[in-house]
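Undergrad: For this one, chain A is given, so just place chain B on it according to the hints.
Which chain is which? The protein sequence lines are A and B, in order. If you count the first sequence from 1, position 201 lands on 201 in our numbering, and the numbers rise without skipping. Throughout, our numbering is defined as the position within the second sequence, counted from one, plus 265.
Derived from the structure by calculation, the hints contain no laboratory data.
Mimicking DSSO-like on lysine-lysine, the simulated pairs with C-alpha atoms at most 30 Å apart in a straight line are:
| hint | chain 1 | residue 1 | chain 2 | residue 2 |
| --- | --- | --- | --- | --- |
| 1 | B | K294 | A | K143 |
| 2 | B | K298 | A | K143 |
| 3 | B | K402 | B | K304 |
Because the structure is a prediction, the values reported are computed rather than measured.
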Amino acid sequence: MDRFDLGYMDTLSSGNSPLHRLDAGAKVIATFAFIIAVVSFDRYAVSALTPFFLYPVALCALGNVPLVFILRKVAAVLPFAVLIGIFNPFIDTGIMFQAGPLAVSGGWVSFISILMRFALTVSAALLLVAVTGFYSVCASLEKFGVPRVFVVQLLFVYRYLFVLADESQKMSRARLARSFTSSPPGLKVFAPLVGQLLLRTLDRAERVYRAMACRGFDGTIYPAKKVVSGYAGVIFAAGWIILFVVFRFYNIPLLAGSALTGVFR
Amino acid sequence: MHMADALISPAVGGTLWAVSAGLIAYSCKKVSKQAEDRKVPLMGVLGAFIFAAQMLNFTIPATGSSGHLGGGMILSILLGPYAAFLVMASVLTIQALFFADGGLLALGCNIFNLGFLTCFVAYPLVYRPIAGNSNTKWRIALGAVLAGIAGLQLGAFSVVLQTLFSGISELPFGTFIMLMQPIHLGIGIVEGAVTSAVVLFVLGARPEIIETVNMKKTLLGLMLAAVIAGGVLSWFASTHPDGLEWSMFKVAGKEKLESRHGVHESLSSLQEKTAILPDYGFKKAGQPQEKPAKQEKQPRWPAVDAGTSVSGLIGGGLTLTLAGFIGWILSKRRRA
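This is chain A alone, in the form it adopts within the complex (with noise of 0.2 Å):
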């Protein structure tokens, strides 16, 4: 299953390069500045909105994350904004500009927007994983003040997801060698595979927990990987934020472009 290929972004995180040592919380108080200015735009930006695809970029670039993979996860999401997008041109049909014979309408504009707007704001929430690391993104999110209660959970979720993903596959695989057709089973016997599983889940959240009272759990966790934060990542974030300010007021593609088409003039 393609969708839960969650491995391999733990292995991403797991990487060694600057960008990955930098302080977590900087690099979400980045991303955060990065999608409220680009979801900030009016519904017809598009050239504006060109300037900030350097951030995905650079984080690719400088975390060691192939670009393939993030296009991958972006084009697996893509469908939903295609689905909600794309009256746009059927319901806004006013002409916006006239590119040679071809008149574009307001709303395929409109609609590029809001597929750009997809893939920005899509990539820079994985890349901040892949750079960052499920549990430094926590420990961060704790520092914020999320409740320790929630943050808890989020790390056991985590945990947890690998293990039961495995485990719904052997049921799914030992479904499938018994029976003779490969499509998705019935309620009849879907409603008692589901049951078992959840069955299955609740003795083991008896057991890790039996377990880590034995090891004297008092509801809070621990990191092991203490968070450090420099002038490295106050650098980072302020730097990025700066240039999302600038990039959010001033039209530098349009302002390049104009000045490229004037000396043509």
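TA: Chain B only, in chain A's frame:
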């Protein structure tokens, strides 16, 4: 029906972030007050269970397509609303970070739509009254199906509202509603059927699991109050700025006062872009009023100037190439 970052405005995203963050903090307090550290690993493992269960597909009767479990209702039945809400929120967070379902800014919307509406509205107001405290099979089944429908209808409606208030998609209210509600009626029925089938299976195999989590009446009353308060508050949160703009429209005869140059202009354009209703309703649809002066000359589109558009296209292409080039250089240097 995950909401995506690409479709929401910062104002909508921010408001629902605040609402969801408040709900998470409140639920955390409630859960830790129950002081059952046994529940901590249980919640965590159940969150992972939701993912694992979503990997199992089933054939939807009479359609041939396949679906999977949403999970909010099963969690509520097993854990009670507070813990279930936290589990849903954690599941959605991980989905946003790892699978790019929804997005980080839209996370607040998603937690509200799929978590709050299921755990704090559909569960206590629909499932509990019908299912009651006795483990009657048909009541559990009926409750789960109706609550599944209610949860997904509310969620779908909420998605429609959030999309409209954001003003990124052009879909008119009526059309969008007609698209979303019937689809989610089907999904809700299926979700409810699956939920009840699984709950009944567990009830048959290990009845004590379902029994132990039945709530006391007082808790139910408290929760109702919380739900009503939350609902009313969230209404205020979403309608107040709208009302503000409306009253401004009434008072000044226009949506906002004339802006001048420099800082004020960029500030007001920022405000315009972050407005809850960027151009829904008062202005004719699809008129970003960026340059009021130009507006008079070209009533429909402010940026009709072909030169501007071409410059935009060229500049945009250049920028993309440049971004790619910088990335290439950076990765070269890292490898060297």
